[in-house]
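Chains as they are written, first to last, in our numbering: chain R, 62 to 449; chain U, 62 to 449.
Hint data in this document are derived by calculation from the structure and do not stem from the laboratory. Values in this document were obtained by computation on a predicted structure and should not be read as measured data. Any given hint might turn out to be false.
[What the hints assert, rightly or not] To give an idea of the chain R side of the interface with chain U (calculated C-beta under 10 Å), a few residues:
#1 Ala134
#2 Gln287
#3 Asp292
#4 Arg362
#5 Pro377
#6 Leu413
[Said to hold, decoys possible] Derived list of chain U stretches under chain R, where covered just means 3 residues or more per stretch with a C-beta under 8 Å from a C-beta of chain R:
#7 278–291
#8 406–418
Don't be surprised by glycine CBs; every beta carbon is placed ideally from N, CA and C.
Protein chains: 2
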Amino acid sequence: MAISSASAGALLRHVRTGRARSRADLVALTGASRNTVSARVDQLIAANLLEEGGRGWSTGGRPPTILRFNSRAGCVLAVDLGATSVDVAVTDLSAQILATDGHRIDIAEGPVAVLAEADRLAQKVLAEAGLAPADVCAVGVGVPGPVEFSTGRPSHPPIMPGWHDYPIPSAFGRYGCPVYVDNDVNVMALGEMGIAGSMQDVLVVKVGTGIGCGVIVDGQVYRGAQGSAGDIGHIYVAQPDGRTVVCRCGNENCLEAIAGGGALLRDAVAAGMPVSTVREVVERAAHGDGQALELVRNAGRTIGTVLAALVNFFNPHRIVLTGGVAQAGVPLIAGIREAVYRRAMPLAARSLEITVSDAPDLSGRLGAALMAIEGFLAEDAVDQAVSR
Amino acid sequence: MAISSASAGALLRHVRTGRARSRADLVALTGASRNTVSARVDQLIAANLLEEGGRGWSTGGRPPTILRFNSRAGCVLAVDLGATSVDVAVTDLSAQILATDGHRIDIAEGPVAVLAEADRLAQKVLAEAGLAPADVCAVGVGVPGPVEFSTGRPSHPPIMPGWHDYPIPSAFGRYGCPVYVDNDVNVMALGEMGIAGSMQDVLVVKVGTGIGCGVIVDGQVYRGAQGSAGDIGHIYVAQPDGRTVVCRCGNENCLEAIAGGGALLRDAVAAGMPVSTVREVVERAAHGDGQALELVRNAGRTIGTVLAALVNFFNPHRIVLTGGVAQAGVPLIAGIREAVYRRAMPLAARSLEITVSDAPDLSGRLGAALMAIEGFLAEDAVDQAVSR
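Isolated chain R (complex conformation):
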């Protein structure tokens, strides 16, 4: 076993993840001196992050005192902003939801109005959980567009008019704590990993109005050089019939212009289907309407062509589908599987799991909570907090 760091943050992580249950475990795990470990554990107890209680089994000598992570040492706010909804939850430090509420909004109303609504919901759920603003240790926010992660400012978000460069963290200034903002797909990917508790390489593909992808390497969000990794909605897709579709980005034949929710609605209307929203197309497919089924399955085939290339390149353990169109379930996944198994290398495709999210409505909030908790309990942050 590798001997690992003995910082306060590292010791806390060992207890949180169940690798250590006592000071003796921590000494064995880190190779640090008993004095060093004890001093840091005392700091963590003083900071209310660890608690002592009960006695474990002795392996000779005095039975060790059990250490526990105090997941109620504080709480985090999780804000899931969508194009037409805002959901807010307050969770404890193990991402257990204590209270949650949501509201319909229009993201195009702009940051001031929408974030005021988010803050109103935050105060409501905090009160419901019997907590005060001072209990909030961190805030996590997912937004439906690209974000500069280091500053929490949206960067030319196509469906969020008025939000470009808006300092989202400033809207949560009343809590006097760090605010982490990322795009909804990365946040949902974290949420999916949280639910699955996995350390694998995973793609979380959101098929909604647009198409995006959260890239998970070894259980962590992979962002790339400029933080734009996973931006698969504008990958070029050749059409078998030579058809050209102009995307809202100005380019031709982008994946989402052919197989996103907007494209699905456009094609359904063009085929004479009496629908006015993507949701209606998806519901028709879910109820077995032949025409809707074929449209959804075709979208799946197109998405699968792109995913087949990414499977060869990235060789993931799993692909999880989420977003409004993923609610269509079987026909979408069947189209995707058909294309992936036909075009990906057998070695990479053999044990690849392709599934629809179990909790699509929850993963945004859960991921935002996990992002906030990971920020608050990052080893450096804990080291600084306890040595103040």
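With chain R held as given, fit chain U onto it using these hints.
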């Protein structure tokens, strides 16, 4: 600054990478007790991996004794197997080449004959460097096909008949040390990173007879779920003219069937060019032959179409081109850049560097040496070695 592990392996890494130059630095860096650090440093000195000498500047009190990594504590063998060549080098533990030699072979002669030749070269370079088999701490081997990294056995390698499942490490049993085997593209990617000394997200794309890609995440080789990450040669590419090309894998329109070296030669011959090898086509392009230039540039455009998708998905800092066809230089890279800048998202393409390898002949050996050194000096391995 994050406080980090105080294992012997971690202490050695701090000294190797220049982060620490004395016991006092190591205490400050790890937070471990002075006694713990001193005991482990003594073990590392006893194992001949660290040496003490000279005195540093004092910042008050006794000036500290300087610690140095002893990169001549041992050597590693680096074996670079190609389809038609084997190159072997012996390097010290900082990947400095002490002696090297190569020979033309045909990989299809099979593992016994080819590895016997590799071993003969290994003994020759060891003797040339004045070293004995007992000095070899690890062996690194790059092979032109897929390998199960954990066992060092090729897995159905298409251009290596007779090599499937052959235990390559057994051929180096005489050295009584770990043998690490990986595919040539991953090994070359490590070599490129070694030369650049970078911790970035990088794609190293080999355009030879086939096309493959080494994926580097944060300075480390990324392998994926089954170790097949980077296998981009069989990604489907639609042809603008609707043409269908059957690949040697049996599928249609794989990237390498359209734009690899084999395809380049096929198209050159079909166009009436008096050539019989890819190298001749590449040389003609390098000398300004219009027809050859256009073929190479077209191959670049096709490769660029796939890379544009991967740039959106992976958002790398750099793409490095290597392999025989990359020797064509400007026309290939111009075709690739044209397609990438036309089809990748501006944010991801903006500061992306696309370059040809500076040392394509060396990166295989250097990468194999770095793989062996990283294995030998992995923190766990050092911890075990010094506590024996």
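Each hint, compared with the structure:
1. Ala134: At 21 Å from the nearest chain U Cβ, Ala134(R) fails the 10 Å test, so the hint is violated.
2. Gln287: Since the shortest Cβ distance to chain U is 5 Å, the answer is holds.
3. Asp292: At about 5 Å, which falls below the 10 Å cut-off, the nearest Cβ of chain U leaves the hint on Asp292(R) intact, so it holds.
4. Arg362: At about 12 Å, which exceeds the 10 Å cut-off, the nearest Cβ of chain U leaves the hint on Arg362(R) violated.
5. Pro377: 6 Å, holds
6. Leu413: Hint on Leu413(R): holds, closest Cβ of chain U at ~7 Å, below 10 Å.
7. 278–291: holds (count 10)
8. 406–418: holds (count 6)
Taken one by one, the earlier hints fail for this structure at numbers 1 and 4, listed in ascending order.
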